[in-house]
Amino acid sequence: MKLPRFLAVFLNWVEGEEVFPVPEQASGPFHSERIKKADPKKKPQTPGRKKDHSKLLSALYSALSVIVCLTVILTLLTTVSWLPRFGGDHNPVENEVYTRYVERELEEAGAVNTVAGMILDYRAFDTLGESNVLFIAVCSVIILLRADRKKDGSLNIPELESTPEEKPDDIIFRCAAMILMPVGLVFGIYVVLNGHLSAGGGFSGGAIIGASMILYVRAFGSEKLDKVFTFSTYKWITFAALITYTLLKTWSFYTGANGLESGIPLGKPGAILSAGLILPLNICVGLVVACTMYAFYSLFSKGGFGNGQ
Amino acid sequence: MNLAVVFLLTFLIVCAASVALTKDPLKAILIQMGFSTIMAAIWLILESPDLAITEAAVGAGVTGILFFVTLRRIGLIGGKAGKKK
Numbered sequence: 001m002k003l004p005r006f007l008a009v010f011l012n013w014v015e016g017e018e019v020f021p022v023p024e025q026a027s028g029p030f031h032s033e034r035i036k037k038a039d040p041k042k043k044p045q046t047p048g049r050k051k052d053h054s055k056l057l058s059a060l061y062s063a064l065s066v067i068v069c070l071t072v073i074l075t076l077l078t079t080v081s082w083l084p085r086f087g088g089d090h091n092p093v094e095n096e097v098y099t100r101y102v103e104r105e106l107e108e109a110g111a112v113n114t115v116a117g118m119i120l121d122y123r124a125f126d127t128l129g130e131s132n133v134l135f136i137a138v139c140s141v142i143i144l145l146r147a148d149r150k151k152d153g154s155l156n157i158p159e160l161e162s163t164p165e166e167k168p169d170d171i172i173f174r175c176a177a178m179i180l181m182p183v184g185l186v187f188g189i190y191v192v193l194n195g196h197l198s199a200g201g202g203f204s205g206g207a208i209i210g211a212s213m214i215l216y217v218r219a220f221g222s223e224k225l226d227k228v229f230t231f232s233t234y235k236w237i238t239f240a241a242l243i244t245y246t247l248l249k250t251w252s253f254y255t256g257a258n259g260l261e262s263g264i265p266l267g268k269p270g271a272i273l274s275a276g277l278i279l280p281l282n283i284c285v286g287l288v289v290a291c292t293m294y295a296f297y298s299l300f301s302k303g304g305f306g307n308g309q
Numbered sequence: 001m002n003l004a005v006v007f008l009l010t011f012l013i014v015c016a017a018s019v020a021l022t023k024d025p026l027k028a029i030l031i032q033m034g035f036s037t038i039m040a041a042i043w044l045i046l047e048s049p050d051l052a053i054t055e056a057a058v059g060a061g062v063t064g065i066l067f068f069v070t071l072r073r074i075g076l077i078g079g080k081a082g083k084k085k
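Chains as they are written, first to last, in the numbering used here: chain E, 1 to 309; chain Y, 1 to 85.
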């Protein structure tokens, strides 16, 4: 196969061939043109000289890396020493945007937790983008790692077939998981539902729920969860959450946003059913994140989830 | 800056350096999870509990688990796959 030289070297490296030192020989499945044109009468270089060459290069490489690293560290430290004091009165962050968020958030968004009001009301499109990034990440992992069944019923990744899922026969781990898993699950749900009242929100709560699900699967095996959480369940939950988020936020921005009247009651600040759209948006984000975390674990460890494959 | 923050920040730097210098991937992951836990404590001291919860759940929990699973799958730590190599 004829390829440019750098590409051939790189592909050979990917295939596990030696690149450093670069010998002028046609090893590996990919050859560059220069290797084919090389004069066969020309004497090959002595191995000693080749070795010296590579040694010099690697010494140069490490010296350069140290110099580059030190330069970057010094630059960053110098910049930090010029920064204004943390929390000072005349810092550039102390401007009207910040003041408005802090002073008017409660009447405009209605959330006691100002951070939730910011990320799910003023900057809700950021959060929508983040949820979509997670969804796209799972799509890429599915494309790369999901084990498909061939027509004869065997997996296309043979190693997965031969290594059945390991269940640790460890009584300490199982007991710990039995105590921790329900607590984690309930705490995650609490964090999601109280995102507008206390610290937390959809992302952190979803991550806690996902971690609890992973703990359960790790300790007790995935047969029971596989029956409930199949691939199509994942697809529909994520799809419904993302669509709900988009539609709710589209409505809110269509009616003007920025605290204009949108027909959604804000409720009494501090109550669980308050803060307008923030609670449903938190639930949507939490669902997407929890499913994503579990899907990542499942795809990484056994190449898929659910019985249906 | 109070003493606790200085103490935690020193630990943070030590952790970051040891992750880079450790040869054993298993130890590196464990130190990285410790790094995330310390970072969560620092966020809490800096009065951002939202970030602290997220850091503890994602940094110390899920990232570590994903690293473990990946290293196990490629046979660098533990299990039968590790012994084969």
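Keep in mind the hints are simulated off the structure, nothing from the lab.
Heads up, the beta-carbon is just placed ideally off N, CA and C, and yes, glycines get one too.
Treat each hint with caution, since some may be false.
[What the hints assert, rightly or not] Restraint ranges, calculated between C-beta atoms of paired labels, are given here: (1) Y/Ser48 <-> E/Pro84: 15 to 25 Å; (2) E/Leu57 <-> Y/Pro25: 19 to 29 Å; (3) E/Thr71 <-> Y/Gly75: 35 to 45 Å.
[Claimed, not checked] According to the in silico footprint, chain Y covers these stretches of chain E (three or more CB under 8 Å from chain Y): (4) 200-214; (5) 289-298.
### Message
Looking only at beta-carbon atoms, does the pair E/Thr71, Y/Gly75 fall within the given range of 35 to 45 Å?
### Response
At roughly 38 Å between Cβ atoms, Y/Gly75 and E/Thr71 fall inside 35 to 45 Å, so the hint holds.
### Query
Are at least 3 residues of the region 289-298 of chain E within less than 8 Å of chain Y when you compare beta carbons?
Answer holds; 3 residues pass the 8 Å Cβ test.
### Task
Mind checking the hinted window 19 to 29 Å against the Cβ distance between E/Leu57 and Y/Pro25?
27 Å, holds
### Task
Note whether the CB distance of Y/Ser48 and E/Pro84 lies within 15 to 25 Å or breaks it.
Given about 19 Å between the Cβ atoms, the range holds.
### Query
Taking a Cβ-to-Cβ distance below 8 Å as contact, does the region 200-214 of chain E have at least three residues touching chain Y?
holds (count 9)
In the structure shown, no violation is registered for any of the earlier numbered hints.
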